[in-house]
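Here the protein sequences come in this chain order: A and B.
Residue numbers for the first sequence follow the working numbering, beginning at 6 and rising by one.
Residue numbers for the second sequence follow the working numbering, beginning at 6 and rising by one.
By construction, these hints were calculated from the structure, which means they are not laboratory data.
Take these hints with a grain of salt, some might be off.
[To be verified] Calculated lysine-lysine pairs in the DSSO-like style (CA-CA distance at most 27 angstroms, straight line): (1) 61(B) x 169(B); (2) 281(B) x 89(B); (3) 270(B) x 281(A); (4) 52(B) x 56(A); (5) 270(A) x 281(A); (6) 89(A) x 127(A); (7) 169(A) x 61(A); (8) 284(A) x 52(B); (9) 281(A) x 56(B); (10) 52(A) x 61(B); (11) 270(B) x 284(B); (12) 169(B) x 184(B); (13) 61(A) x 159(A); (14) 127(A) x 184(A); (15) 52(B) x 52(A); (16) 52(A) x 281(A); (17) 89(A) x 270(B); (18) 56(A) x 61(B); (19) 169(A) x 184(A); (20) 127(B) x 52(A); (21) 52(B) x 159(B); (22) 169(A) x 127(A); (23) 89(B) x 281(A); (24) 284(B) x 52(A); (25) 127(B) x 159(B).
If you want the building blocks of each chain, they are given just below.
There are 2 protein chains.
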Amino acid sequence: MRFDVLILGSSSATPIYGRHPTAQLINVNEQLYLVDCGEGTQVQLIKYGVKGNRIKHIFISHLHGDHYLGLIGLISSMHLVGRKDELHVYGPPGLEEIIDLHFLYSQTELRYPLYVHTTQDKTESVVFENENVRVSSFPLSHRIACTGFRFDEKRRLPAIDRDKVAAIGIPATQLPSIKRGQDYSAPDGTIHRWQDLTIAPNPPRRYAYCSDTVRTSSYLPYIQQVDMLYHEATFLHEMLDRAVATYHTTALQAAEIAVEVGARKLLIGHYSARYKDLKPLLQESRSVFPAALLALEGNWYPI
Amino acid sequence: MRFDVLILGSSSATPIYGRHPTAQLINVNEQLYLVDCGEGTQVQLIKYGVKGNRIKHIFISHLHGDHYLGLIGLISSMHLVGRKDELHVYGPPGLEEIIDLHFLYSQTELRYPLYVHTTQDKTESVVFENENVRVSSFPLSHRIACTGFRFDEKRRLPAIDRDKVAAIGIPATQLPSIKRGQDYSAPDGTIHRWQDLTIAPNPPRRYAYCSDTVRTSSYLPYIQQVDMLYHEATFLHEMLDRAVATYHTTALQAAEIAVEVGARKLLIGHYSARYKDLKPLLQESRSVFPAALLALEGNWYPI
Numbered sequence: 006m007r008f009d010v011l012i013l014g015s016s017s018a019t020p021i022y023g024r025h026p027t028a029q030l031i032n033v034n035e036q037l038y039l040v041d042c043g044e045g046t047q048v049q050l051i052k053y054g055v056k057g058n059r060i061k062h063i064f065i066s067h068l069h070g071d072h073y074l075g076l077i078g079l080i081s082s083m084h085l086v087g088r089k090d091e092l093h094v095y096g097p098p099g100l101e102e103i104i105d106l107h108f109l110y111s112q113t114e115l116r117y118p119l120y121v122h123t124t125q126d127k128t129e130s131v132v133f134e135n136e137n138v139r140v141s142s143f144p145l146s147h148r149i150a151c152t153g154f155r156f157d158e159k160r161r162l163p164a165i166d167r168d169k170v171a172a173i174g175i176p177a178t179q180l181p182s183i184k185r186g187q188d189y190s191a192p193d194g195t196i197h198r199w200q201d202l203t204i205a206p207n208p209p210r211r212y213a214y215c216s217d218t219v220r221t222s223s224y225l226p227y228i229q230q231v232d233m234l235y236h237e238a239t240f241l242h243e244m245l246d247r248a249v250a251t252y253h254t255t256a257l258q259a260a261e262i263a264v265e266v267g268a269r270k271l272l273i274g275h276y277s278a279r280y281k282d283l284k285p286l287l288q289e290s291r292s293v294f295p296a297a298l299l300a301l302e303g304n305w306y307p308i
Numbered sequence: 006m007r008f009d010v011l012i013l014g015s016s017s018a019t020p021i022y023g024r025h026p027t028a029q030l031i032n033v034n035e036q037l038y039l040v041d042c043g044e045g046t047q048v049q050l051i052k053y054g055v056k057g058n059r060i061k062h063i064f065i066s067h068l069h070g071d072h073y074l075g076l077i078g079l080i081s082s083m084h085l086v087g088r089k090d091e092l093h094v095y096g097p098p099g100l101e102e103i104i105d106l107h108f109l110y111s112q113t114e115l116r117y118p119l120y121v122h123t124t125q126d127k128t129e130s131v132v133f134e135n136e137n138v139r140v141s142s143f144p145l146s147h148r149i150a151c152t153g154f155r156f157d158e159k160r161r162l163p164a165i166d167r168d169k170v171a172a173i174g175i176p177a178t179q180l181p182s183i184k185r186g187q188d189y190s191a192p193d194g195t196i197h198r199w200q201d202l203t204i205a206p207n208p209p210r211r212y213a214y215c216s217d218t219v220r221t222s223s224y225l226p227y228i229q230q231v232d233m234l235y236h237e238a239t240f241l242h243e244m245l246d247r248a249v250a251t252y253h254t255t256a257l258q259a260a261e262i263a264v265e266v267g268a269r270k271l272l273i274g275h276y277s278a279r280y281k282d283l284k285p286l287l288q289e290s291r292s293v294f295p296a297a298l299l300a301l302e303g304n305w306y307p308i
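Chain A with its partners taken away, still in its complex shape (with noise of 0.2 angstroms):
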């Protein structure tokens, strides 16, 4: 099953050198959630090819304009070319107030039904469930109420040993209840376990995304052994004094974190624009988890 991030915007803040602010699609068994929406992002989504209507389910972190302020035009394109579907956006208190207002005062009756879910900043929470993913909100520090969100892959069934089977003349009808974790009794009375007769699947992924937050350790317990970790590392470590003054991390402090938790592998982004050269970033999360990547807009990162 496929399970990708593709970077849409990588700046923090400010849009500069080429670096849009943050947004990020994750593509979930060909079904796209768009994390985040900062100004531009329906550009940048035209630039890679995504159609903005394949999107049905938009999570944002907080209320920072970095973060949202595409949001509006996306929504109204989506109006524009004629959307019929749902969308689905879940972000913290005040997003629909800010979203009504826009359409109020642009007298904008979207031609297809809009629902806007709250999130919390107190506690996890379950904000959207399917056949193959669950998302879940959780607290991060930063200066205004902001949530990461961690998409859970579904543990999906075992596949069915087809040699096997064929061994052993197992008639087709029985096949959906191996699956399901049922022996196999067979007419000469041999038990077959299930467990032989399947192959396990993948054991479910995760991924996590963490943008902004100042380093604590209250947010760990969500982000723990996840496949991937997405964390903002806005500054070197040589400025840590400001990341905490504006309540974000380092790169040292995205990697450190990292280790802590277990994760496979690391993303940072969310970039200062001090720096335009990257490469120094990435080697200080790198001196502590060489796994370490740069979130660079265009590319599609296997989880």
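Mind docking chain B on chain A? Use the hints.
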């Protein structure tokens, strides 16, 4: 005196084909004015080498997203790069409420003074004036409250004819009053008419910005005899029904209006996403107004 317009966005409604939603920069004697501010305008300013902090006044025609969704991001970025100078924004009722709501939830306290001035769409009114220019808003006919803006260059004093003044031997202390229209009485009693001692300045130029509007005669009094008319031309005339239904204009109508008001130049823009190739729109306008030009992003047009 410089009086030029830079096109930052030429698309209607949605960004497409590398075209951006509406924004224009007017340079009057090296002072910069922004007219409309579609999503991504701050990136366009960077692209074309314009420092956002040189802009002191922003004029918003109406509250459809493609004309103002870049404003909050631009105001925020000016804040983040340490702007101290006042910023004045002129726009319809509701704009201030929208700005306030964004900054309420982002808990932003701007480090510079921001003044939002509410325009009204019932009559023409002067919204800004300094030594170089007078900016007036005037009502257009769109689905929601919408104004155009006219930039009237101020009449300048004539220049002294240095040769004549030297030949007569007029003392320098007399020159300011001559420039202001006072005749010179020589010690021998001869009266020298100020007109004979000065060189008339170029007549003041006028630029009118009309977007978005359906064609009516109601706004023509406000754009008479302008040196350059920017007029939306969202559709080809074969789409007249659609233009009327959406309160927009065709390329033919824009040209007819330019003829009717005696405009010296015509700039068309606000192109529908249905036109990848803009030549047919230009040809249609030129069939009526041969000097018509396409508004193309990144181009400066002298007024």
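Quick rundown of the hints versus the structure:
1. 61(B) x 169(B): Not OK: residue 61(B) and residue 169(B) at ~41 angstroms, beyond 27 angstroms, violated.
2. 281(B) x 89(B): violated, 41 angstroms
3. 270(B) x 281(A): At roughly 42 angstroms apart (the allowed maximum being 27 angstroms), residue 281(A) and residue 270(B) break the hint.
4. 52(B) x 56(A): holds, 25 angstroms
5. 270(A) x 281(A): Answer holds: residue 270(A) to residue 281(A) is near 24 angstroms, not above 27 angstroms.
6. 89(A) x 127(A): Measuring from Cα to Cα gives roughly 34 angstroms; hence the hint is violated.
7. 169(A) x 61(A): violated, 41 angstroms
8. 284(A) x 52(B): Holds, because 24 angstroms separates the two Cα atoms, which is no more than 27 angstroms.
9. 281(A) x 56(B): holds, 18 angstroms
10. 52(A) x 61(B): Distance ~32 angstroms between residue 52(A) and residue 61(B) Cα, so the pair is violated.
11. 270(B) x 284(B): holds, 18 angstroms
12. 169(B) x 184(B): holds, 14 angstroms
13. 61(A) x 159(A): Status holds; Cα separation ~18 angstroms.
14. 127(A) x 184(A): Outside the cut-off at roughly 39 angstroms; violated.
15. 52(B) x 52(A): Since the Cα atoms of residue 52(B) and residue 52(A) sit roughly 17 angstroms apart, the hinted pair holds (cutoff 27 angstroms).
16. 52(A) x 281(A): holds, 22 angstroms
17. 89(A) x 270(B): Violated, because 42 angstroms separates the two Cα atoms, which is more than 27 angstroms.
18. 56(A) x 61(B): Judged against 27 angstroms, a Cα distance of about 37 angstroms means the pair is violated.
19. 169(A) x 184(A): Holds, at about 14 angstroms.
20. 127(B) x 52(A): violated, 41 angstroms
21. 52(B) x 159(B): Roughly 31 angstroms between the alpha carbons, so the hint for residue 52(B) and residue 159(B) is violated.
22. 169(A) x 127(A): violated, 50 angstroms
23. 89(B) x 281(A): holds, 25 angstroms
24. 284(B) x 52(A): Answer holds: residue 284(B) to residue 52(A) is near 24 angstroms, not above 27 angstroms.
25. 127(B) x 159(B): Given that 27 angstroms is the threshold and the Cα spacing comes to 25 angstroms, the pair holds.
Hint check: violations occur at hints 1, 2, 3, 6, 7, 10, 14, 17, 18, 20, 21, 22; the rest are consistent with the structure.
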